[in-house]
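6 protein chains.
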Amino acid sequence: MLAIYPGSFDPVTVGHLDIIIRAAKIFDRVIVAVLQNPSKIASFTSEERVMLLRRVTAGMENVEIESFHSLLADFAIEKGAQVIVKGLRAMSDFEYEFQMALANRHLNPDVETVFLTSGAENMFISSSMVKQIAGFGGNIDAFVPMCISEDIKIRLNRGVSSK
Amino acid sequence: MLAIYPGSFDPVTVGHLDIIIRAAKIFDRVIVAVLQNPSKIASFTSEERVMLLRRVTAGMENVEIESFHSLLADFAIEKGAQVIVKGLRAMSDFEYEFQMALANRHLNPDVETVFLTSGAENMFISSSMVKQIAGFGGNIDAFVPMCISEDIKIRLNRGVSSK
Amino acid sequence: MLAIYPGSFDPVTVGHLDIIIRAAKIFDRVIVAVLQNPSKIASFTSEERVMLLRRVTAGMENVEIESFHSLLADFAIEKGAQVIVKGLRAMSDFEYEFQMALANRHLNPDVETVFLTSGAENMFISSSMVKQIAGFGGNIDAFVPMCISEDIKIRLNRGVSSK
Amino acid sequence: MLAIYPGSFDPVTVGHLDIIIRAAKIFDRVIVAVLQNPSKIASFTSEERVMLLRRVTAGMENVEIESFHSLLADFAIEKGAQVIVKGLRAMSDFEYEFQMALANRHLNPDVETVFLTSGAENMFISSSMVKQIAGFGGNIDAFVPMCISEDIKIRLNRGVSSK
Amino acid sequence: MLAIYPGSFDPVTVGHLDIIIRAAKIFDRVIVAVLQNPSKIASFTSEERVMLLRRVTAGMENVEIESFHSLLADFAIEKGAQVIVKGLRAMSDFEYEFQMALANRHLNPDVETVFLTSGAENMFISSSMVKQIAGFGGNIDAFVPMCISEDIKIRLNRGVSSK
Amino acid sequence: MLAIYPGSFDPVTVGHLDIIIRAAKIFDRVIVAVLQNPSKIASFTSEERVMLLRRVTAGMENVEIESFHSLLADFAIEKGAQVIVKGLRAMSDFEYEFQMALANRHLNPDVETVFLTSGAENMFISSSMVKQIAGFGGNIDAFVPMCISEDIKIRLNRGVSSK
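Protein chains in written order, with the working numbering: chain R, 1 to 163; chain F, 1001 to 1163; chain L, 2001 to 2163; chain X, 3001 to 3163; chain C, 4001 to 4163; chain H, 5001 to 5163.
Derived from the structure by calculation, the hints contain no laboratory data. There may be inaccurate statements among the hints.
Claimed, not checked - Computed list of lysine to aspartate or glutamate pairs in DMTMM-like fashion (alpha-carbon distance at most 20 Å, straight line): (1) C:Lys4025 x H:Asp5110; (2) X:Lys3040 x X:Asp3028; (3) X:Lys3025 x R:Asp110; (4) X:Lys3025 x X:Glu3064; (5) X:Lys3153 x X:Glu3047; (6) F:Lys1079 x F:Glu1066; (7) H:Lys5153 x F:Asp1028; (8) H:Lys5131 x F:Asp1074; (9) F:Lys1131 x R:Asp18; (10) F:Lys1025 x L:Asp2110; (11) F:Lys1131 x R:Glu95; (12) R:Lys131 x H:Glu5095; (13) H:Lys5131 x F:Glu1097; (14) H:Lys5025 x C:Asp4110; (15) X:Lys3131 x L:Glu2095; (16) R:Lys131 x H:Glu5097; (17) L:Lys2153 x C:Asp4074; (18) L:Lys2131 x C:Glu4097; (19) X:Lys3025 x X:Glu3061; (20) R:Lys25 x X:Asp3110; (21) X:Lys3131 x L:Glu2097; (22) X:Lys3131 x L:Asp2074; (23) X:Lys3153 x L:Asp2074; (24) L:Lys2131 x C:Asp4110; (25) H:Lys5131 x F:Glu1095; (26) X:Lys3025 x R:Glu95; (27) L:Lys2025 x F:Asp1110; (28) L:Lys2079 x L:Glu2121; (29) R:Lys153 x H:Asp5074; (30) C:Lys4025 x H:Asp5028; (31) F:Lys1025 x L:Asp2028; (32) F:Lys1040 x F:Asp1093; (33) F:Lys1153 x R:Asp74; (34) L:Lys2025 x F:Asp1028; (35) R:Lys25 x X:Glu3061; (36) L:Lys2131 x C:Asp4074; (37) F:Lys1131 x R:Asp74; (38) R:Lys131 x H:Asp5074; (39) H:Lys5025 x C:Asp4028; (40) C:Lys4153 x X:Asp3074.
Excised from the complex, chain R in its bound form:
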């Protein structure tokens, strides 16, 4: 069973990593799919986001990282995936993801969306919160995977100072 875990990952957090690890235990193969969304301004380029994800998933044999800039339903067909994985942290996540799942089912009835929940201790972590804290020089070590923490700090401080 091949599963796709799509997202912006701008940047990847320990919450994302938690979902990747869980999905990799359930499914034979997991593609973490980085959305290149032209209408959304990202703090990291899609190349940087792919690179950070590759670093944090190094050694996970059934996990691959790719970027895509098409409709998720089309990308799933192209890859031959039967499952889309989404992480749920909160109510507001749920409602949006629920609507997306129903829309994707309309567009590609052969792909099923499954929801996983990360641990309670990761429930409050989001990429935007990481960026907000790092933007003010706060400590993000507890929120992003250790092996990329320094890179993210450098990148986000640079991002802010160059504005």
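With chain R fixed as given, assemble chains F, L, X, C and H onto it according to the hints.
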């Protein structure tokens, strides 16, 4: 009883059409009111949005389309409407609309807000989702009224390509 | 347009009365329908609940009180009603009522459910809270219509003392 | 991958069946596990509930029906299951299931809970609503699998008439 | 500033204890108030619940345990408390507690309700879940304060076996 | 006990003022802290927002107004505050604030977040709604403190006309 059904309709979806049909069965006359909001960037001009709505409501005798760029409470007074109709799809809709209903009651106590729900199959359809899917070249036929589907596809692809 | 406003009304609160007044302004005729639910233990008999509602709606010419012990969808057909009115106070109300509205639409597609909201100051008032407060001898004057306040206090204290 | 889909199934609805079909496409083997909860009064005995589920899943080769009266986390270990499947219909489902998933993870860290959503048209269907409608003699054909509809009607009417 | 932390505490969990510790840091004096609710069947008597709370708060100098069987608003006046403390774990908590806070404000405008949140790791813990897990012989050590864990297990297993 | 009440206050509403008054009754000293967020475009400068808050809290002896442009957790340490006060109006507020409270606890475990609720009649009032209504020339007198109502109207109309 005259009812106003306000919204952005950027563009009109089958979910909106469902609410219009339901409202037209309950109230003697329904004005679908297209908000021209200067602070929000729309994909369709208000003229286009009015034109698309006129096309999908052609033949509905007690439904009219108008655009407005004032406070809803003032527009309701101007038209002599006693009822504002809002469609509810989800929790998050409810909370926002609930606050708007209470605010409008303060501004114009003579107008009552009534909420209708569209069919379950339309619950996940929103204008922004239609635009997102069309922007990636996806099939929006199930989400917008058939008679305007082609126009919307042409318009939204043009919008993307010209960016 | 004939509307039905169904509920337990065990007992009627100022929140219920608020919805009745709003519905009576929108619709030609409103039937307040007291559900006799054999599986739910009520504090007031259905006769008492009808009587209290008649008292608080005395003088409202287009409002009638009835009790019913059938499926709401069937009762609506029997009465020739085109509209079911429900009051929304909170999220949890919304979710339940939303599911009921979809079920009723399945059972009787000719009847539309419309939701009204009571004033913000009534949002926290429920029959069960009234009973809880009165059961401890608290003051319920702000929560039930004045003309029946004494009767409810006597009835609920008796209920508690006789347990 | 062996998955367990636990529930009361009192009785099984088309919403439950929808989740079973989806789970059976994703996982190698699915055990539908009927909870015998001594503290909850069920309308159907656990034997009846198992029998109805067997009937509606006849021909689904990787689906089995069992009943259990232990802790779900223990039952999963006993069966060697790595995954618990839960269906999500609404916010309130989500919150409760989310707390259960976190508790089960504490009790058995080797089992992952995955959430599936049924189709939008099944979102408003619950066992308790089926019982409520059948109790008033309403038509439940759209809410329960066709092959068991008659049995449920007979059983639920008998239940009501014998009260 | 004297604060009251009311609840059923049937039995006290690590989530409750977390809130007590936080409240005791903010307020000069905290009364943990055990509600004796005649209409709710408790697993532990109010004497047992008080005793368990005394045990887990032993050594906390500004914390006292009392039971009450009146309206919370009246109990607050009687004690001279200016603040009611409530713990929030989840949405559904929030909505109910919000309505209670507004009702209590009506009944006693001099008392303010403040909400505290327990740690994320305690978010899924409730007294009813503890009882459900213990009832099936599951391990509740992570969910209740260590010094009373054995007593609760003995008591809840006895409770189940005697049914 | 020193409490910080942080926010954008763009501009201050009667809902904010309600929370300030409640907090000032519970805590010895309250600092209303105006966030200067470089990434969010405000309608009022932080100087204007501070000035408006000073005007509406004139005479409240234990309330001070400051602006800050650092991480809230750091600002709390700098000021020696033990408590962060947040107002809750609605579900969506709650979810976001809950995540912020957990994040702040990670960043500064010595500071506790407490939530207060404003009166029901203020539940629908937000700064963005005030700006939207004022932008269309609507009457905002019921939504902002009287003593600054004129200034806000002048400022927001100028803002719109100059765009």
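Hints versus structure:
For the given pair, Lys4025 of chain C sits about 10 Å from Asp5110 of chain H by alpha-carbon distance, which is consistent with the 20 Å threshold. For a cut-off of 20 Å, the pair hint linking Lys3040 of chain X to Asp3028 of chain X is broken: about 32 Å separates their Cα positions. Distance hint between Lys3025 of chain X and Asp110 of chain R is fulfilled; the C-alpha atoms sit about 10 Å from each other, no more than 20 Å. Restraint check for Lys3025 of chain X and Glu3064 of chain X: the C-alpha separation of about 14 Å stays at or below 20 Å, so the hint holds.
Proposed proximity of Lys3153 of chain X and Glu3047 of chain X is supported: the alpha carbons are some 17 Å apart, at most 20 Å. In summary, the hint linking Lys1079 of chain F to Glu1066 of chain F is supported, as the alpha carbons are separated by about 11 Å, within the 20 Å threshold. A distance of roughly 38 Å separates the Cα atoms of Lys5153 of chain H and Asp1028 of chain F; the hinted pair therefore is violated under the 20 Å criterion. With a CA separation close to 16 Å, the supplied pair Lys5131 of chain H and Asp1074 of chain F stays within the 20 Å bound.
For the given pair, Lys1131 of chain F sits about 32 Å from Asp18 of chain R by alpha-carbon distance, which is inconsistent with the 20 Å threshold. Annotation: proposed proximity of Lys1025 of chain F to Asp2110 of chain L holds, straight-line Cα distance about 10 Å (limit 20 Å). Only pairs whose Cα atoms come within 20 Å are accepted, and Lys1131 of chain F paired with Glu95 of chain R is accepted, the gap being roughly 19 Å. Straight-line distance between C-alpha atoms of Lys131 of chain R and Glu5095 of chain H comes to about 19 Å, which keeps the hinted pair within the 20 Å bound.
Restraint check for Lys5131 of chain H and Glu1097 of chain F: the C-alpha separation of about 17 Å stays at or below 20 Å, so the hint holds. For the proposed pair Lys5025 of chain H and Asp4110 of chain C, the alpha carbon gap of about 10 Å is at most 20 Å, so the pair holds. The suggested pairing of Lys3131 of chain X with Glu2095 of chain L holds, with an alpha-carbon distance near 19 Å, which does not exceed 20 Å. Proposed proximity of Lys131 of chain R and Glu5097 of chain H is supported: the alpha carbons are some 17 Å apart, at most 20 Å.
The straight-line distance between the Cα atoms of Lys2153 of chain L and Asp4074 of chain C is roughly 17 Å, inside the 20 Å bound, and the hint therefore holds. For the suggested pair Lys2131 of chain L and Glu4097 of chain C, the alpha carbons sit about 17 Å apart, so the restraint of at most 20 Å is met. About 11 Å separates the Cα atoms of Lys3025 of chain X and Glu3061 of chain X, which keeps this hinted pair within 20 Å; it holds. Proximity of Lys25 of chain R to Asp3110 of chain X is assessed by CA-CA distance (about 10 Å); at most 20 Å being required, the pair is judged to hold.
A threshold of 20 Å between alpha carbons decides the hint, and for Lys3131 of chain X with Glu2097 of chain L the separation of about 17 Å falls inside it, so the pair holds. Proposed proximity of Lys3131 of chain X and Asp2074 of chain L is supported: the alpha carbons are some 16 Å apart, at most 20 Å. Using a Cα cut-off of 20 Å, the hinted pair Lys3153 of chain X and Asp2074 of chain L holds, with the two alpha carbons roughly 17 Å apart. Of the pairs offered as hints, the one joining Lys2131 of chain L and Asp4110 of chain C is violated, with about 23 Å between alpha carbons and a cut-off of 20 Å exceeded.
Note on Lys5131 of chain H and Glu1095 of chain F: the hinted pairing holds, with a Cα-Cα distance of about 19 Å set against a maximum of 20 Å. Distance hint between Lys3025 of chain X and Glu95 of chain R is unfulfilled; the C-alpha atoms sit about 24 Å from each other, more than 20 Å. For a cut-off of 20 Å, the pair hint linking Lys2025 of chain L to Asp1110 of chain F stands: about 10 Å separates their Cα positions. For the suggested pair Lys2079 of chain L and Glu2121 of chain L, the alpha carbons sit about 33 Å apart, so the restraint of at most 20 Å is broken.
For the hint linking Lys153 of chain R to Asp5074 of chain H, the alpha-carbon distance of about 17 Å falls within 20 Å, and the restraint holds. The suggested pairing of Lys4025 of chain C with Asp5028 of chain H holds, with an alpha-carbon distance near 14 Å, which does not exceed 20 Å. Between Lys1025 of chain F and Asp2028 of chain L, the direct Cα distance comes to roughly 14 Å. Compliance with the 20 Å bound is thereby established for this hinted pair. Restraint check for Lys1040 of chain F and Asp1093 of chain F: satisfied, since their Cα atoms lie roughly 18 Å apart, inside the 20 Å limit.
Annotation: proposed proximity of Lys1153 of chain F to Asp74 of chain R holds, straight-line Cα distance about 17 Å (limit 20 Å). At most 20 Å may separate the alpha-carbon atoms for a hinted pair to count; Lys2025 of chain L and Asp1028 of chain F meet this at roughly 14 Å. In summary, the hint linking Lys25 of chain R to Glu3061 of chain X is not supported, as the alpha carbons are separated by about 24 Å, beyond the 20 Å threshold. For the proposed pair Lys2131 of chain L and Asp4074 of chain C, the alpha carbon gap of about 16 Å is at most 20 Å, so the pair holds.
Restraint check for Lys1131 of chain F and Asp74 of chain R: satisfied, since their Cα atoms lie roughly 16 Å apart, inside the 20 Å limit. Annotation: proposed proximity of Lys131 of chain R to Asp5074 of chain H holds, straight-line Cα distance about 16 Å (limit 20 Å). At most 20 Å may separate the alpha-carbon atoms for a hinted pair to count; Lys5025 of chain H and Asp4028 of chain C meet this at roughly 14 Å. A distance of roughly 17 Å separates the Cα atoms of Lys4153 of chain C and Asp3074 of chain X; the hinted pair therefore holds under the 20 Å criterion.
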